[in-house]
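Spelled out from the first residue to the last, the chains are:
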Amino acid sequence: MKEKIGTTWRCPHCKTPIKKKDEVCWGCGAKFENVDVAQTSEETLAVKMEEKKAPDISTIPFEFAGKAGEYFKIWIVNISLTVLTLGIYSAWAKVRKKRYFYGNTLLQNAPFEYLADPIKILKGRLIVFGIFVIYTIAMNYIPWTSALFGLLFLALFPWVVVKALTFKTRNSSYRNIRFDFRATYGEAMGVFIGIGAILVGATLGFAYPYFAYRRSKFVMDHSGYGKTPFVFSGQVKSFYFVYLVVAVFVIIGALFVMIFVPQFIFPQMATQPPDEPTIGLAVKMILPFLLGLGLLVYLPVFAYIKTAITNLVWSNTLLGNHRFKSTLQTSRMIWLYLSNAVAIVISLGLLIPWASIRMARYRLDNLKLLAADQLDGFVASEQEKVGAAGEEISDFFDFDVGI
Amino acid sequence: MMEITASFYDGKTSQRKEVRIHFDPAGQLWITGLESDLTYALSEIRISPRVGNTPRSIYLPGDAKCETLDNDTIDAILRLQGRGRWQAFLHKLESRLGYVLLLFVLTGVGLWGLVEYGIPALAKRAAYALPESASRALGQDGLKVLDRVLFSPSDLEEKQRSQLLSLFDDMTQGLAEEQDFRLEFRKSDRAGPNAFALPSGIIVLTDDLVLLAKHQNELIAVLAHEIGHLIHRHTLRTLLQNSAGVLVIASVTGDVTSITALSAALPTMLLEAKYSRAFEMEADQFALKYLRAHNIPPKYFVDILLRLEKKTGYDSARHNYLASHPATSERVKMFKGEE
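Those protein sequences? They're chains A and B, same order as listed. With the numbering used here applied, the first sequence corresponds to residues 1 to 403, in that order. With the numbering used here applied, the second sequence corresponds to residues 1 to 339, in that order.
All clues stand as given, with none of them false.
Calculated lysine-lysine pairs in the DSSO-like style (CA-CA distance at most 27 Å, straight line):
hint : chain 1 : residue 1 : chain 2 : residue 2
1    : B       : 17        : A       : 227
2    : B       : 92        : A       : 67
3    : A       : 120       : B       : 12
4    : B       : 92        : A       : 97
Interface residues of chain B toward chain A, partial, derived using beta-carbon atoms under 10 Å:
hint : residue
5    : 15
6    : 16
7    : 99
8    : 108
9    : 114
From the derived model, a few chain A residues whose C-beta atoms are all more than 10 Å from chain B:
hint : residue
10   : 123
11   : 296
12   : 316
13   : 366
14   : 369
Since the hints were derived computationally from the structure, they do not count as laboratory data. In this text, all values refer to a predicted model and were calculated from it rather than measured experimentally. Ideal Cβ placement from N, Cα and C applies to all residues, glycine included.
Produce the complete structure using the sequences and hints provided.
If you want it as structure tokens, here you go:
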């Protein structure tokens, strides 16, 4: 049952504005069982609003409205103008791409918005380009500087992480409230160098799940939506569980290869002494087989880690009283990665936009906000602007500090 | 008078209010639906660029903004105001498949021109402009790396070496070049019979190649070919072209590389194969000219080429990463035509 008040449709339970065709209220999750319509006047609304009881936790789905055909055209224009302007347009291309994906991400019918200034991104890219040129020249003419660059990069890394996350969050908004990120260089140093490099190295990788945990916690705990902080409540043991599953899977996979592969490949070698052509043939047969097998192990592992960690992080993140729920499935992710890769290769890259849209849709379709209250109460925070150099460095080296 | 519905956010809290915005062509807008109406001059507000059909933001003075899905009305207002022409042009490009395809073809042609003519021309200029000291450092470093990964000291007899060295000196004497020509001997099982030209005048002959030759003139032909590479700065140009090519392609396909690392390596491989083909022909031409000037029949070059092919078979293509050659038959034809 829906009601029309004045000129807008509203949910009879929480008075949230809705669309006539909606079957579920995005404000409180109430279902409208039939399409009968009750006309209420503005006067009775006031009375009903007073009766409104405190809403329970309601599930608000994220929606993605991007279309592959539409994005394809934007993508081609982005690439073309980037080439024709010798790379200068790439900053604008990045903003338009992000604006397309953000603007099509909806929560309660309200879009997200990407607010970065292309000029700032261009400046960041020029700085990165300059560093790259200096690095290349120095590497070629003064080889001993490579150690210096290594140290410099290590020292710079935490700074890059903090600046990149700050730039990314502060240039993202929802309902005109910007997201936020506040962390010090020292905090990032502790997590990424202290734990990520030193501890993980010293324990021969056994501390890696702990690092993954601390990294997610670092990112979430220092993020906020306006003045409301994100809080990460996940536990270390959940991360260890994920990597334990991976270890078991890899060991079983390796055993399988060792036991069964020789029987597939070498049956004829048992009957006749191997001469050179036979070995050559066997190698030729094994290589693609091993490659396929490697993919068969690598892809599920990669997809599983991505899926499990994403689910784990979002489902254990609080924003004020609100929670999130991520319900990605490993099997679906494997299928998406595999079919996207095949489609991209077959189409010589032309299906990249389609693949991107498809992936974004699946991920957002499986993300929900468990709202404890209306989403009206978030308050903006005071923020100063931040440069794009860190973000561009992290883009350039393609490291994803997301979660 | 134009009207749209929009969501109003004051920028202080996340509260949403449904409003109507009325635009007056005289240059004003007012917002109704709030406790009190708001009025602004159109020149005070900023409107976000249109990207597909994503909601539009109207940034009001202060921190407030409105979001609306009515892209067409917003575009009409901007048109009336004569604002945002560049953004409108971009959207027009992005919304018609015809324009998109045209731009795509144009880009393809531009890119082809850049890789085919632009980069080689630039690399050539840069290679000749590079100070001798820099190219010497490059050549010496290159040799050091090769010594570490590919070469071991030569097993050739001292007599044969000094004979070849004086031969090489005679060959390079008359050349008006600022490069320090230098012949080096190395042994390498992996490289097989092979010769390398490194920047600033270093030529490396492998023992296998020296042993493969049945006549001194064959080695003269090979050395002339390598000197041709040096005179035309081929190694340096290949280096510059490939790095520039990679830079161009990486910037274009930034999107692609994140999905498959293979695509980054592929264009370099293609470029390398193509460039070195042209360079080999050029070096061959130089060798041919040299042989003719010194009354040495070109058949010696043909002989050693054919023997080289027989000896190395297909493997040469895999090992010769400093010099991948065009089809031997093609080159033999050129030299035979000169006889």
